[in-house]
Amino acid sequence: MKTARQVGIVGYGAYVPIYRLEASEVNRVWGGDGAPVEEKSVVAPDEDTVTISVEAAKQAVRRSGIDPSEIGAVYVGTESKPYAVKPSGTIVAEAIGATPNVSTADIEFACKAGTEAMQNCIGLVGSGMQRYAMAIGADTAQGRPADALEYTAACGGAAFIFADRSADTVAYLEASYSYVTDTPDFWRRSKEMYPRHGSRFTGAPAYFKHIQGAAKGLLEETGYKPEDFNWAVFHQPNTKFPIRVGRGLGFTMDQINPGLVAPKIGNTYAGSTPIGLAATLDIAEPGDKIFAVSYGSGSGSDAFIFTVQEAITEKRGGPKLVSFIDRKKYVDYATYLRFRGQIIQ
Amino acid sequence: MSVPRYWREEVPRYRLLGKVCAGCGAKFFPARPVCTECGSTEFKDHKLAEVGEVVTWTVVRNPPPGFEKYKPYVVALIELEDGMRLLSQVVDVDPEEVQKGMRVEAVFRRVKEDGKAGIIQYGYKFRPVVE
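Protein chains in written order, with our numbering: chain G, 4 to 348; chain Y, 510 to 640.
Isolated chain Y (complex conformation):
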């Protein structure tokens, strides 16, 4: 990812900040320029819930470049408490421990590094809820 793109997407990725359509109330994460429900281009910030549950998941054993050191890792479809769904890595867990309905919470982690000398890209991942 280029430095300008990383910088543009920092706040949504760091804080799980989406958008809610001012016209019809549809919620988006990540943000879209036009509402797919009503065509409005007016949006407000919408902070996503940070707790949710695993809907389904897969285990990545042949990762794309930049993710080799994390393999095998879990990528899950997560439904948040506010009804929003997103895809995320699930960490602090062995792949065989993941279950449908597992309660997970957002954490701030390294996602990718641009080699040894480039920027470190941070963002959200999820882990089993710590009580």
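Chain G with its partners taken away, still in its complex shape:
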């Protein structure tokens, strides 16, 4: 898919809470021996998807240098809204000063909600409906105790402000692609506390099929080959899947490594691919090409090609994502349960 007008990213930000739970701590309590990631981020008792979104959004506004009241859309992609009914986007838009001339909504598509928000914002700017549109992917994901997801279900988010491509944009979009089918690999019914998943069904017919479908579709549509890119980002439910799908498509570890943050922070769900993209922008140089593909259960993938511009060198000031990843305090399993509200006074 290509936009009628060229669209770029004028500011971005990413955030991960300070607390970490090591995989070994889950194993200690439940007697397992798995380690799909080394450790995962844990939400503080006073943090949620809205506060994580605001943190990333404020970074994006500061780096963009724009007046936040000119932002015409704030879309929050998440599967962990603090309210069942009341948009997270309204709180985020109010906090950053984008209200009242703004369109907001929460977008849900499991782990793909963040990149779906990006597609929406790209469409709004690309059609000329909005001058600036902000897409956020953020989650405080939940895993049932002792479930395989408990090792990885983590928290974090990233925000991108889209605008017409100009000398002010840090990267411009060359093309995007979406690939969706009805695949019940992971779901959570209304009022259920934890999601259910189809175990091994989440691999080949779900994650791999959809990422490969979107990636191959976008490569075919644009005529690019994996070696034409400097960097590649894939959705990161664990450490193994993004490496396997990336290498299977012909990408190398050198291309994948900068955006591969799951080993240190876990699966941030709707935040995963956006955070990987932000981590890559943190190290990219002007002229670099970035290939990014998300995956959300249910299922689908969005693929993007961005080309980094000159403005990146002066518009990524302030703390980078790595500052938030390296800033950490470990919690034990009991504290983790307390922070998540799973044991109460």
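No wet-lab data here; the hints were simulated from the structure. Hints are not guaranteed to be accurate.
To be verified - With a Cα cut of at most 20 angstroms, we get these calculated PhoX-like pairs of lysine-lysine:
(1) G:K267 x G:K212
(2) G:K84 x Y:K556
(3) G:K194 x Y:K625
(4) Y:K621 x G:K89
(5) G:K267 x G:K5
(6) G:K84 x G:K243
(7) G:K292 x G:K219
(8) Y:K578 x G:K332
(9) Y:K553 x Y:K578
(10) G:K243 x G:K267
(11) G:K5 x G:K219
(12) Y:K625 x G:K89
(13) G:K5 x G:K331
(14) G:K212 x G:K194
(15) Y:K580 x G:K332
(16) Y:K536 x G:K84
(17) G:K292 x G:K331
(18) Y:K556 x Y:K536
(19) G:K212 x G:K243
(20) Y:K621 x Y:K578
(21) Y:K580 x Y:K536
Note that the coordinates shown come from a computational prediction; the quantities given were computed from them, not determined experimentally.
Got chain G sorted already, so can you dock chain Y onto it with the hints?
Only chain Y this time, still in chain G's reference frame:
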């Protein structure tokens, strides 16, 4: 806090937005209806600095209702870079790590929840500056 009061105070609390007296330039956070310096009732918005340092602090171990799950937590008097002072929780820090002069920055966090079914009250807190 009632829903109407929370709603009225949202913008100042979300964005650290105070007032500056149009008569004498005195700054206020939170806003006051009358300037305590010159008696003027004319004010303009004043965006507070978001970075400052800890002047002094205390550790709350017996919190008031609604704050139990955060205990023990730090409440500090913070002097912002623009000279304004305010009281705030300091988060992402263990109580024993807090020091006079510690550089802190504003963050947007949950402050209180009105039970399981009521509104979630968001507002500012501070944390050690992330470089």
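Hints, one by one, checked against the model:
1. G:K267 x G:K212: Violated. K267 of chain G to K212 of chain G sits at ~26 angstroms, over the 20 angstroms cutoff.
2. G:K84 x Y:K556: 29 angstroms, violated
3. G:K194 x Y:K625: Measuring from Cα to Cα gives roughly 14 angstroms; hence the hint holds.
4. Y:K621 x G:K89: Distance of about 17 angstroms is within 20 angstroms: holds.
5. G:K267 x G:K5: 34 angstroms, violated
6. G:K84 x G:K243: 28 angstroms, violated
7. G:K292 x G:K219: 16 angstroms, holds
8. Y:K578 x G:K332: 18 angstroms, holds
9. Y:K553 x Y:K578: 37 angstroms, violated
10. G:K243 x G:K267: 13 angstroms, holds
11. G:K5 x G:K219: 16 angstroms, holds
12. Y:K625 x G:K89: 15 angstroms, holds
13. G:K5 x G:K331: It is violated: about 40 angstroms lies between the C-alpha atoms, which goes past 20 angstroms.
14. G:K212 x G:K194: 30 angstroms, violated
15. Y:K580 x G:K332: 17 angstroms, holds
16. Y:K536 x G:K84: Roughly 37 angstroms separates the two Cα atoms, so the pair is violated.
17. G:K292 x G:K331: 31 angstroms, violated
18. Y:K556 x Y:K536: 10 angstroms, holds
19. G:K212 x G:K243: 16 angstroms, holds
20. Y:K621 x Y:K578: Satisfied, since the Cα-Cα distance of roughly 10 angstroms is no more than 20 angstroms.
21. Y:K580 x Y:K536: 32 angstroms, violated
Of the numbered hints stated above, those contradicted by the structure are hints 1, 2, 5, 6, 9, 13, 14, 16, 17 and 21, listed in ascending order.
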